[in-house]
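These protein sequence lines are chains A and B, in that order.
Counting from 1, one number per residue, gives the positions in the first sequence under this note's numbering.
Counting from 1001, one number per residue, gives the positions in the second sequence under this note's numbering.
No wet-lab data here; the hints were simulated from the structure.
Virtual Cβ for every residue (Gly too), placed ideally from N, Cα, C.
Where hints are given, some of them may not hold.
Said to hold, decoys possible - DEER-style ranges, computed between Cβ atoms: (1) B:1208 - A:52: 49 to 57 Å; (2) A:188 - B:1208: 54 to 62 Å; (3) A:218 - B:1515: 33 to 41 Å; (4) A:52 - B:1158: 21 to 29 Å; (5) B:1141 - A:6: 54 to 62 Å; (6) B:1142 - A:92: 57 to 65 Å; (7) B:1504 - A:137: 44 to 52 Å.
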Amino acid sequence: MTNIVVLNNTEHRGLRVQPLGAEKRNFIGVIVNEFSHLALHYPILFSKDADTGTFYCGAMLGFDLEENLFAADGAKVYRPLNLQRGPFFAAGTELAIDLDSPSVGSGEALFEASGEPTAYLKSMLGLFRDLVPGIERTRIFTETLLGLKLIEPIDIKVSFDDGSARSLAGLYTINREALRELPDAEVLNLFRRGYLELIYLMTASLKQVSILANKKNSRLLEGVTGLS
Amino acid sequence: MAAPLFFDYDVNNQRGTSMQPIKDIVVVGGGTAGWLAASVIAARHQTRIKAGSFSVTLVESPSVAIIGVGEGTWPTIRSTLKKIGVSETDFFRECDASFKQGGKFARWTTGEDNDFYYHPLVLPQGFHEVNLVPHWLAAEDGRSFCDAVCEQGALCDDGLAPKTIATAEYEGAANYAYHLDAGKFAPFLERHATKMLGVRHIQADVTAVKQKDNGDIESLQTAQAGTVTGDLFVDCTGFASLLLGKTLGVPFKDCSDVLFADTALAVQVPYDRPDAPMASQTNATAQKAGWIWDIGLPSRRGVGHVYSSRYMSEEQAQETLAAYVGPKIKDLKVRKIPIRSGHRATFWKNNCVAVGLAAGFLEPLESSAIVLGELSAKLIAEQMPANREVMDIVADRFNEVTLYRWGRIIDFLKLHYCLTKRTDSQFWIDNADPASIPERLQKLLKVWRYRSPWFFDEFDRLEEVFPAASYQYVLYGMGFRTEIDVDETAPTARLAAQLMRQNSVMTARMRAELPSNRTLVEKIRTFGLQPI
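If we strip away everything but chain B, and leave its shape as in the complex, we get (with noise of 0.2 Å):
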């Protein structure tokens, strides 16, 4: 006969910790960030928020300014502004916004006038059937990688918008990102995370960070408004990483021995005519020892010198900012961006998880930081804990992702040094010394000497910052060669022809068809995109 079993079961201490519901989210920070995992997390719990068992509060101090270099965005930020929404009218009106279609990388190979690929942000036609490498390196006939497989760098060329104004609000023609003005995205983001998302928002200096005997962060002292309790904690304290990295310990990884760069230099430049062009593209130009940005925003470029200072002093990045800016960079304001290249060691630990520039940093060569923000932010939010008992089940998941999205990062970075052919500097020599490429990418580019990147090549996960094609447009826009095997192509051969044949009348169509980049995002200004 079965006898009933009885557990000792501390129910009292199951109710006071580790069953306690997570509902109370507090975020620290208001930025770029802040503002973004507060908007994402406040969205996708909005139901319990306005039953009243879920609140997001986001604090922020009133005398810290945020960094707000950012400005460059991944087509990411679409799906996230839809989803917490935000109107792209609104975004555009309201934050200088412009379309971003891929990045222009020039002088990166051999240093020339003419050297520049692009790294465009639709796939290669078919990119799901066939994988066209093999086919473009077997053809020869000279085109590029990228326009021979896509439509994006003859927008580009042509300083095209992806879409027209009768296409709908976040649809393309051609898949897109933003570039954005980061000191009016964050307001942006905090009128619409406060008035329509039911985000509270304290303005107060925190003082103090008052601690359980787990470790657990329990409340905030601030010197304006008291105590904050909460149940989770989103540090998104900038560099300062005041609740992962000072309070929690949590040590920072440094990566400064396989990217270089750890200064920029920032300034903003206006345009000869209201009218002139304004670039679809992010525009990165290889220098000595590091590459300048140049994003064109409706009102102005942001312009910008990444460099080593290990390899240039700061005198020669200023004069060589100033040969790419020209002789008006007299007026204008030059500032000094120190750039600590790495993360943390874990990015969520005891009932804190950092996202932003809190969690770690990397030069903006491929416009990283409001991507990975963005999607630390969803994973808290589709993942958020229960109770304090599945916490760290869920931070354990974060930081396995998370550490491995880093990573991924910190390769895709790397590659567009390491493939470089120039000798002109000790900077470039050293870049392509193996000493400094982490192992996982030399294995992948000796795999990749035979084989090119597709499908199957270790980038497994569901969302990848840097899908193999990013991988194809770097590796065959560098002038890398992978051996072919005819007998292996022969098969697909007649659909690759096919495809790029399609590509070139598509490319022609659209070309004929879309209006300009500074075109359209006046028209988005004056009549606005439909919803529909």
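Same shape as in the complex, but just chain A (with noise of 0.2 Å):
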């Protein structure tokens, strides 16, 4: 269940909350504005709502439904936005808590004794203040590529040397046919939005696919030796 309130420091003055609380799930939605800082570790997809239907741009954490291989590497890799938002809500303006997480309890402190916000939540109302409008900028992004007909499912098909096989459906990444056959007015309009770069950081982060893979591989076959 979730109990999401506003945040205020009179009554949430003694909250503490774990900055690196891993969020056990295998796809979670990014923005724009950090593809160039993903791109270095996950697999950036597009994907459906599955309430809405609706596009949306996520990074790929693992391979089974609550597999996040990078949950054990802390704050050594940079982290989606969203993971490291933690409890946290956008509210308006105004920040809000889920006080039902997991992540409440220890940790950080979120408010100094004289009730200023410390570090640590004002780093969460900077992180805010670009994830807001970065997720307007990325729904524009994905709703533009839509529209020119640049996306395209993507199988991912991967066996592990345990024997296991998995196969992920509902993910979409860029079509490079259809955009190469773009016509010219259309290139320099992605170029001058930004857009173009973005789209090649999405196809250059697919070679992470094959490196998660081995990441999960070298588990498995952990798991099995340990029982062995």
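Two chains, two frames, some hints: make the complex.
Structure representation (structure tokens):
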């Protein structure tokens, strides 16, 4: 369950939050502002919101439903803003928090004894200043690509050394052939809007799928040797 | 030494008539058939229309109302709409459409309360690998044929949609068609055809048809828009059959000796609550002298009593409909629609081809009206004769295929009636009388006593309206028995068992994952479906 309330420095003065609370999920929504960081570690793909069918951009974290292969890396690897934000939400221009989140309890304090926000909370406020407009920018980016028919489904099929295999459906990427056939005027428009760079970051990030698969493969094999 | 050969070649005549390219198409009639035909032809010849070397004009009478009771479609409508470039989201929003996953036929076999079967739109599992009928018959486990071999009956039982909001436009987890408001569908197609496909729209009453010496239609005289000329005329004038029937004198072939229904009483029934469940299938409930259709659209239900006036008076028919709808029928307007079952002897004569009701009409038991219109329009668009010289050849082929289709639909509709075990009225007794059953169907029924319909069963056409699977669902839904030879089925028994197990697993998964028909249609209206 969730219990989301707007944050204030009287009721929530003593609240503490675990900043590295690892989310158990294999895909997380991301924004275009962070593509250059993400592409170094994660496959950046499109998926559809299960409730509305709307396309959104996300980073792939694992192959199985609740598998986050980056959970153990902590802060060593860039974490998508949607993971960094932990239990916080934007409520208009105010910050809200899910009091029922498992990340709430111990960890970083949110307020000084004086009621001033701590450096951690300030970093969260800064994060949302990027995240909120970034979500809108990402939505327009996605819609533009969809309108230009530049998005196509991608089947990710991986076999692991323990004999198991995974087949991921419902993921989409850039249609490179359609991109090549785009009229010059559209290409120029994409370039001027900074979209071309984002597009190439997305296509380059597909290489991360096999790196991610290797990561999982090693874990599976560790599991096997652990048993023997 | 070879001498050069000379032919007597009347160049002027060839240029003047038979070699004349077919480039101006005139569709007469602005109902579902007319706009569908105009859209399909215009979409197929878009490049030529844009280049200015081809045109499609639709002439519509501003004073003739469209019939517009066709509310059921076949899955072919999805590829048709996609091909003409319509967005499925727009279609749902503007045509009051819902998902249709087949037909539920109640009380057709015994007339009892628990008597029903489904004719779903998906093929039985592994249909192209193995015929599951003998294996299902051998299992005798009490499951209906439909439930044993496919998921769709269960999806309909639960009122589920065939896909989710994350499924792309025109794609489905299960095969589907639509229920729609025909009164909204024709204007929807009109907007698309005129705005996007370059179809010219002339609103005028045709007052006279001018023919050439060879009988070809040269032009239409209209009251409001002068003369309209064309190379090919598509008659979509509904029951009037103004061009093919009245002008070219092609006779009507009545088939009321096979299909007895001749009248429909139609009514639009509001839901009790706006969020009332919306059925995912067409309900067809048999009555004493006919049957009642019940189609769930998002904003209302369409209900109608199809009956034979030879077996029931209009008063009794009204009472039957009232008993089905309930007391609220008192406030509703019941519309009487004559059904003249049959079709034209040929469909393409001279430079005129009929599509829709102008070609013929059959009771809406299997929603064959719109699908036949689509298939005809597609055939015309694909086979568009290059010139007048080859038109007769194209016409012959068109007539052969279309006549075959009408014949098979008549057979298939009759199948629903003639397998009945009902003897509670003369209507049902007469329907089972071999004298009323077409010979071809009688022969097939004999063959099917020993071998169930599958491939190689004369259903050999590329675009069969009702494939062998449809016959399987109706036959075994109505308790038809085919003798089985265990030695013959043994080699595929394991595969069959596996397919039926797979079906159970898939059915359970889909039941858990799919939203209700009402929920998804509402979501489509709010969020839209994605193009991919």
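Against the structure, the hints:
Between residue 1208 (chain B) and residue 52 (chain A) the beta carbon distance is about 55 Å. The supplied range of 49 to 57 Å therefore holds. Our hint of 54 to 62 Å for residue 188 (chain A) and residue 1208 (chain B) holds, since their Cβ atoms are close to 57 Å apart. A beta carbon spacing of about 39 Å between residue 218 (chain A) and residue 1515 (chain B) agrees with the range 33 to 41 Å that was offered as a hint. The given range of 21 to 29 Å is respected by residue 52 (chain A) and residue 1158 (chain B), whose C-beta atoms sit roughly 23 Å from each other.
Take residue 1141 (chain B) and residue 6 (chain A): their Cβ atoms lie about 59 Å apart, and the range 54 to 62 Å holds. Range check, residue 1142 (chain B) to residue 92 (chain A): about 59 Å between beta-carbon atoms, so the 57 to 65 Å window is met. Our hint of 44 to 52 Å for residue 1504 (chain B) and residue 137 (chain A) holds, since their Cβ atoms are close to 47 Å apart.
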